[in-house]
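Using the hints provided, position chains B and C relative to the given structure of chain A.
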Amino acid sequence: MKEIVIISGKGGTGKTSVASAMAYLKKDELVLADCDVDAADLHLIMQPQNHSEDDYYSGIKAVIDTGACTNCGICAQICRFDAIEVKDGSHHVVTLDCEGCGYCFLRCPVNAISIPTQNVGKVYLADTRLGIPMAHARLKIGADNSGKLVARVKRDARKLASEKEKALILVDGSPGIGCPVISSLSGADYVVLVTEPTRSGLSDLTRVWDLARRFDLKTGCIINKADLNPEVRDEIMEFLADKGIKLLAQLPYHDDFTQAIINGKALMELNPEPWNLVFDQIWTNLLKEL
Amino acid sequence: MKIAITSTGPNWDSLVDARFGRADYILIVTEGSEELEVIDNRAVRDVAHGAGPQTAQLLHDHAPGALITGNGPGANAADILKRMNVQVYIGAAGMSIRDALKAYQDNKLKKGD
Amino acid sequence: MIWKAAITSVTTKAMRLAIASGKGGTGKTTLAVNLASFLAQENETLLVDLDVEEPNSGIFIQGQPTLDQDVARKVPQWEQSLCTLCGKCPTWCKFNALLRLGDTILVLPELCHSCYACSELCPTSALPMQDMPLGAFRGIKAGKLSFLESRLEIGVEQASPLIDKTLRYVDEHHKAVDYQILDCPPGTSCSMVSATKTAEFAILVTEPTPFGLHDLTLAVETLRILKIPFAVVLNRSGDHDHDVEDYCARESIPLWAKIPDQRRIAHLYSQGKLLYEAVPEVLAALRAIKTKLEALS
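Chains as they are written, first to last, in numbering that gives the first Met the number 0: chain A, 0 to 289; chain B, 0 to 112; chain C, 0 to 296.
Extracted from the complex, chain A is given alone in its bound form (with noise of 0.2 Å):
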């Protein structure tokens, strides 16, 4: 079983069009791990079945019961976070506010106060149109994506690839350069970035590349919009060079891929041609380096 993951540092790089796109063409070998939590896009073109769902608890919130309560107030005083009010004369955690550290959870001299942990949102396994199987993941509103629920996806991916005996994992990877990232990348076989040749593109492409080279991972870049801006495309290209990151493609700038997005499919599926030729030819270069 090989896990391929797909990060891009910021958005609007065209990953999830690249993402899906691969999944196509591979649609009978492959799992798909949708790790881009805060913003599934992935599913908008898979239209996932869930078959399956399970709550999922991480974190604590602070809860004052005003009833034990005797209004000393040193939780007030102690909370860094501004996260607890007098309301009506008792005291009441500001839930939104609350970072859940549990320091006045320690501190209350009555224990009043109870930190219970959060069901911040669900997991969940699906069916797919076009028959990929696919773990994903949704979190409420202000909850943050994790490293422990990247690996959850993950982890609920590599059963479905067992059970269905797939050989290959794609893992739509987290944005930005944090502990979601790094759980995207620990246990990958292969790192494809998705850039564009933009300023803040190629300033983006720095830092992911940073992270990933931690883990000695075979890397590979597609550079998205490659026609835009043959200036920072050229200076993209010696970065690759220079790090020894194999160019896998460049994408041009079309119109196809929001007309895709727009009509929920992957690439091929709009249009055969290019598309076919240009993503078999990355899973080509992708595979060799396996």
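Mixed in with the good hints there might be a few duds.
Stated by the list, open to error - Listed next, the stretches of chain C that the computed footprint assigns to chain B, with coverage defined by at least 3 CB atoms under 8 Å from CB atoms of chain B: (1) 90-96; (2) 106-114.
Unchecked claim - To list a few chain C residues with every Cβ distance to chain B over 10 Å, as calculated: (3) Lys73; (4) Glu119; (5) Leu267.
Hints listed in this document are in silico derivations from the structure and should not be mistaken for laboratory results.
Don't be surprised by glycine CBs; every beta carbon is placed ideally from N, CA and C.
This is chains B and C only, laid out in the frame that chain A set:
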């Protein structure tokens, strides 16, 4: 010397886990012995952030001189392992524990930095 | 919190406007820089880049540097000489930022949320809080436009503490402007919430695709929970606007402007250039937005 190996299961035929921080098991072998100490690390699934350091802490009392794993630990865990004087060896993902140990002994594994 | 927003508008004349979006890449930064620059033609305007993990609106602003300041946060430091190795501190920390390795206590600053619990609970005060780099502020002034970029130090995981500090800095140092435009982080997680919660009004930038619409609904849900009034600006508008338009109509959400999907715009953006001088549709959109903003106050 004791050697720690990240593993997907609790025995010699289990496959090496590519991950460190979120590895399901850590197996401790003592060179020259067939004994296998099993650390069940699956409780790490509940750790939202900082899995690597938590797993590194588990190793502390066993004092291994080396760690065999797949991709290598993340930055936080790597620093802690360095402090503990554990030399990291990578590239063993997908091997059985037995084969990974042999590869290490034959100097076939790469050193993590 | 509503009371925080009210206090801001009572003590300053500035209108605090958040520019946000449900997803990355919709053109939020494009709108924020162009709107701020356009407003600054006549009004004192502050543009704040709160996308602290990847602040990139500064690419579009040229002017006089006015500020280059490191920002610190507090993290415990272990004082071995005071420690009795009671071993309690790792059990207090909810973020796994403290480890005991034999007779050493290790602090993991990346995981610390600066709650002060371990520091204040330690019976021998062996974990005093010390400054650690959190990020940096960089300021530029160009005519009536002031720009403040807030950048998170690499390796620091949480954006919210820096975002909160940045807004407190703005409260203190930029009271006397007409507009405070906040370029917010994308998404709907806690960094976007920290960035938008003190705003009086928000503009949500979206695109006419199923992705854009789906993520717009999440952003709308978030702003409704925060009780911040908002309007939508549709970027990359073209032949498929009707889904977004229908959604806004159904939900009684004002749609203030549309910016067309033009390769020319994308090209100018990729070069770090402003749009409204070269692209009349952008100028028209900005004029429309300004009129709506003036009607609000």
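Against which earlier hints does the structure fall short, listed by number upward? none
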